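Asker: What follows is the residue order along each chain.
Number of protein chains: 2
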Amino acid sequence: MAKPLILVTNDGGINAPGIRNLISVMKEIGDVIVVAPDSPQSGMGHAITINSTLHTSRITPINSEITEYSCSGTPADCVKLAINELLDRKPDICVSGINHGSNSSINVVYSGTMSAAIEAGIEGIPAIGFSLLDYRWNADFSPLKPFIEKITRAAIQNKQRADVVLNVNFPALPEGEIKGIRVCRQAKANWVEKFDKRQSPMGRDYYWLTGEFINEDKGQDTDEWALKEGYISVVPTQFDLTAHHAIQELNSWNFEN
Amino acid sequence: MAKPLILVTNDGGINAPGIRNLISVMKEIGDVIVVAPDSPQSGMGHAITINSTLHTSRITPINSEITEYSCSGTPADCVKLAINELLDRKPDICVSGINHGSNSSINVVYSGTMSAAIEAGIEGIPAIGFSLLDYRWNADFSPLKPFIEKITRAAIQNKQRADVVLNVNFPALPEGEIKGIRVCRQAKANWVEKFDKRQSPMGRDYYWLTGEFINEDKGQDTDEWALKEGYISVVPTQFDLTAHHAIQELNSWNFEN
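For the protein sequence lines, the chains are A and B, in the order given. Going by my numbering, the first sequence opens with residue 33, and the numbers climb by one from there. Going by my numbering, the second sequence opens with residue 33, and the numbers climb by one from there.
Everything labelled a hint here was simulated from the structure, so no lab data went into it. Remember, it's a predicted structure, so these values are computed and weren't measured experimentally. Certain hints may be false.
As the list makes no split between identical chains, a pair holds if one copy fits it or if it spans any two.
With a Cα cut of at most 20 Å, we get these calculated EDC-like pairs of lysine to aspartate or glutamate [as the list claims (entries may be wrong)]: (1) K220 - E117; (2) K220 - D253; (3) K220 - D272; (4) K182 - E288.
Given only the sequences and the hints, what does the whole structure look like? Please build it.
Answerer: Structure, rendered in C-alpha cells:
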C-alpha cells in the first residue's frame, strides 16, 4: 500500500511545540504536508477569511524534507487552501493540533483546532483533532506520541468516515500514567464567564474575558469523566447541527398567533 | 405577563440595515437591549476574543429609548458580555440578525449570526438567528417582518428550549410571495472553493476565497429545498456535536495495532 498523504495543521501557529510534535509522529505514518497559521489563532472557532486576502509562505525547515506552508488566515482557511490550492492530490487524512489546552465538552465550538479538522471533514477528508489539557508553551507532549500514532493508524485502517471527525483530548499525565483510550460523548458543561473590567491609561473601560468551567454532567460516558479518570477521550463529532429530536415538537407550534 | 426582555445582536455590525429591521420588530414584542459588533464580522464562526481586550460603547440613537451597546469583539463575545456584564437580568430570548445572506445548510458552521444565537443557547437563553438570502446592504427586509414577529412570539409562547437554537432563513421574495414556514433539517450541501490567485503591486502572490455552493441533498425535508420552493426554513440546531450514531462503530476499533 502506498504511504498515506497526511495534512497537518493547527490553531496555535506553525511554530508551536504542539504541531512540531504532531509532525514528528506523522512522519512515521505517511507523507506529510503542513499548512498552518503563521500566528496563534486560539479561540477562532470556525472563522473564515472572506473580506480580506490570504497569503502563504513556503517554509523549508532545517534538516527536513517536509513541505510546509504558513498561512495568514484562520485554521479553517488553512485547510481550504491546502486542499483546493496547495496540494497536488487530496490528502488521505488531516490531523490538527496538538492543541495547548483542552478542547473537550463545549470547548469544541470555540476551538480553532477542531474547526480545522471539521473543515477537512466537510471537504470529505477523514480528520482528527488532538489536544492536551496543558496550556503551557513548554507542555510535555512526549507521553502522547505513542497514542497519537495508534489512533491515527486505527483511523486509517478502519477507513474513518469523513463526516465523523474525531475530537481527541489527552489528560496532562506523565508517561505510564495514562490509563488508555475511551470513546465518549461531549459532556454537557460550559463556562461561566467573568469579565475582568479594567481602565486604560486614557481612562477608558475595557474587558478581559475570563471564566470558570462548570461541569454538571455526571455521566461516566462523557469526555470530562474520562479525562478526570486519566483516560484519553475520543468524541466522534459531526457538522450536521440539526437537532433531529426537536423537529416533531417544532412542527406542533402554531406560528399564526 | 411582564414584557419579555429581548437581547438583539448580529454579525453585520450595529449599523447594518438587517439589525435595524430586527430591532423594529422586537420593539413590538418586548423590551429590547442591543449589544452588537462595532464593525462587520461576517464569517467569524464561533470565534471569541481571548488574547485581546474588549471595548464597549453605549450608543443612544436619535428618537430611541432603546439601550444599545457596540462592542469591539465577535458576535459570540457580544452575547457573553451582554449576559454576564451589561444586562441587569437574564434576557428571556436572544435574536440575532437579520443576516444579509444565507445561513442555510453548511453555512451555519461559518456563521457569526448563528454563533451569537448558539452562544446564547449555551448560556441557557432561548435564541433564534434570522437570515435573508440577499447579500446586498440595501436588501428589502420588509416582507420578513410579520414572519419574524410570528416566529419570535411562537418561540416565547411555546417556551423554546435553550439547547435547541432556531436557524431561520428567508427566501429573497417580494411581499405576498413567501409561501409559509417549514421546519427542516440542515441539507447536506457544501462549498467547492475556488481561490482567486492574484499578485500584489510588490509581486507577492495572494488569494481571495471564492467558491460555488453545491447541494447534492435531494431531500424535501431540507432547508435548501424549502427555500428554493419559496418557504421560510426553520432548522432546530444544537451544540452537542457528538455523532452519537458513531460511538458503537468507534468502540469496535482496535487501537493497539
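Asker: Starting from the hint list further up, note which numbers the structure goes against and sort them upward.
Answerer: 1
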